[in-house]
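Enquirer: The listed protein sequences derive, respectively, from chains A and B.
The opening residue of the first sequence carries number 79 in my numbering; numbering runs sequentially from there.
The opening residue of the second sequence carries number 1034 in my numbering; numbering runs sequentially from there.
Hints are supplied without guarantee of correctness; some may be wrong.
[Stated by the list, open to error] Every beta carbon over 12 Å from chain B, so not counted as near; a handful from chain A, in silico:
#	residue
1	L90
2	H106
3	I137
4	V144
5	L152
6	L153
7	Q168
8	S177
9	L216
10	P218
11	I225
12	V228
13	A232
14	V234
15	V236
[Stated by the list, open to error] To spell it out: a stretch of chain B is covered by chain A in this simulated footprint if at least three of its residues, at any positions, have a beta carbon under 8 Å from a beta carbon of chain A; those stretches are:
#	stretch
16	1107-1117
17	1173-1186
18	1398-1404
Treat the hints as calculated values from the structure; they're not laboratory data.
Yeah, the Cβ is synthetic: ideal placement off N, Cα and C, and Gly gets one too.
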Amino acid sequence: MEWVIFVPAAVLAIAGGVGVIAARQPVHSAIALLVVLASLAVTYLLLAAQFIAVLQVIIYAGAIVVLFLFVIMLLHARSGEGPVEKLPRQRVAAVVFASLFLAALLAGSVAATRPLAPAPEGFGTAQHVGEALFVTYLLPFELASVILMVGIIAAVVVVKRGPPAGRGGR
Amino acid sequence: MITPPVVDLTLILPEMIVLGVALLVLMADLWLAPERRGYLVAASLAGVLAAAWVAAGAADGVSFAGMYVRDALTRVGQVVALAATGLGVLVAPEYLRRYNLDRGEYYVLVLTAGAGAMLMAASRDLLMLFLALETLSIPLYVLAAWARGNARSQEAGMKYFLLGAFASAFFLYGIALLYGETGTTRLPDLTSALAQQPAGISAAAGVGLLTIGLGFKAALVPFHAWAPDVYEGAPLPAVAFMSVIAKIGAFVALLRVFPLALGALADQWTLVLGVLAALTMIVGNLAALAQSSYKRMLAYSSIAHAGYLLVGVATATPPAASAVMTYLAIYAAMGTGAFAVAVALERSGGEADRIEDYAGLAGRAPLLAAAGALFLISLAGLPPTGGFVAKLGIFAAAVETGSVGGLALALIGVLTSVISVYYYMRVAYVMYAGEPDQSGGVRLHASPLLNLALLITAAAVVYAGVLPGAVTSFTQQVGALLSRL
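With these hints in hand, go ahead and build the complete structure from the sequences.
Expert: What follows is the structure, given as structure tokens:
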């Protein structure tokens, strides 16, 4: 019965994915990304992972896509155009290599030796996610905060108008 | 009811010291007057020394729900990473002041990258390894772009960041495929899962993608294209640090993943790594021949050294694993030293990057020229320097296997080392026999900290060359770890 929901969600996700790379306006790409993320949230619901589905909507659709839109607005507000393609024939090359990669992935998935197992009991609930974050993956979780701190320092260092910039290098 | 995790904070004490000092430096920088930034350098060095002292003596253990392991590889890897971090701090202050780039965040980023390399050595889970890899890489992207007013430095940072993010995506994809095949990201569980079932095509693809991700960080051919441009554009002290610390992190991770965890798939990856090693040695050394820029030459030389190191990983015997760690320790000294010599020089308005800038250095600064020649001789792998001991260990381990592949790799290694003598000695020859620049275009900048860095690295290179037992007796515990498998 879940096919009724899964098939439209999956088709929407793939259509959104194509939209992300095919849209000429960066804003349209960002909106298409929103479609991908929302459709994926639906598939998480189908796995009975309500909490992950909600997080997906709040974090990705809510925060990250909005951030993308802000950046696009700030960078392209005047021109309203996408970047100029500098590499000739990169679309052809991209299609060829992406198809090869897809074929390899599909071959791998089809040949996978493990049978499909149902999701474990309690998968994707708030308790499960909390346990994963604060018990199993406690150290990586803490390390992620170090990475975020470095990211903030990086943004400040790269952007801050300090004393007259140096003439290092050549 | 959730059982709380076993958290053994004493186990991660070295990392906590380094990251704690990084935070301290970050905060202190807000209040310290600019002329007192020396305190930040002193605090960073004290933190590195304290962490190295703790890491060298810490007891073995596993903690954090099996994410973190402290064993022989962790111990040796962390001590080497901390040595490289300390040297990275020492070579920077005078240069940063000279080019008006002196900000406290520089040392924060150096320390964080060092902590990332330390955690790579201690990762017992692929996800942990990925996060540690990012903790190492992201500060390096920023350090490459540190000279903000300089377009080449910006370009270097941008290139490094974009390609590095691309490589990280490969690495993550590899983890996902391995998880799909085995249902785990924990390295010991991966070992037992792959031992029980024949490896499917997706496991092989996953291992291949992991190789690409780590190969990028280590600058292996054909994932090396970023290295010369980034090394050329980034500020010299940042290059001196990143060329060494990225190698330490990548090769400790390669040892942790390939010989220690994926022994069941050895038939497949030894061949792939062997081919990559051969390509890296050949391309790195041949491309270095044609360079007229000192930094680009050392960039290709660092690619070539990644090839020699990979021979050790591909050989994957206990002596080879020990030899890789010995090589990393000695490379930390000679690699940093070779760049530190360039830090001490300045051509009018920029870095002394052309090889002719070194002409007649021996007449003007005999000690600096002697140190420079020593590092170049060591990089070429001639006795009686550490570089010879490092290469000998790797090639001997490859020959010891008695396999055709091992012999071929050792042969390629020796032949390319002979080629490398030409381009290293060309610079040394220019230093001693070249006509000095009479116009006074190249100036010398001496500073106590830089001199200390040169002294330490030169002493380490000579010491490791004359008394190799001092280094190998410390690193051979890694081989013992592998032989217990």
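Enquirer: So which of those numbered hints doesn't the model satisfy?
Expert: Violated hints: 9, 10, 11, 12, 13, 14, 15, 16 and 18; rest satisfied.
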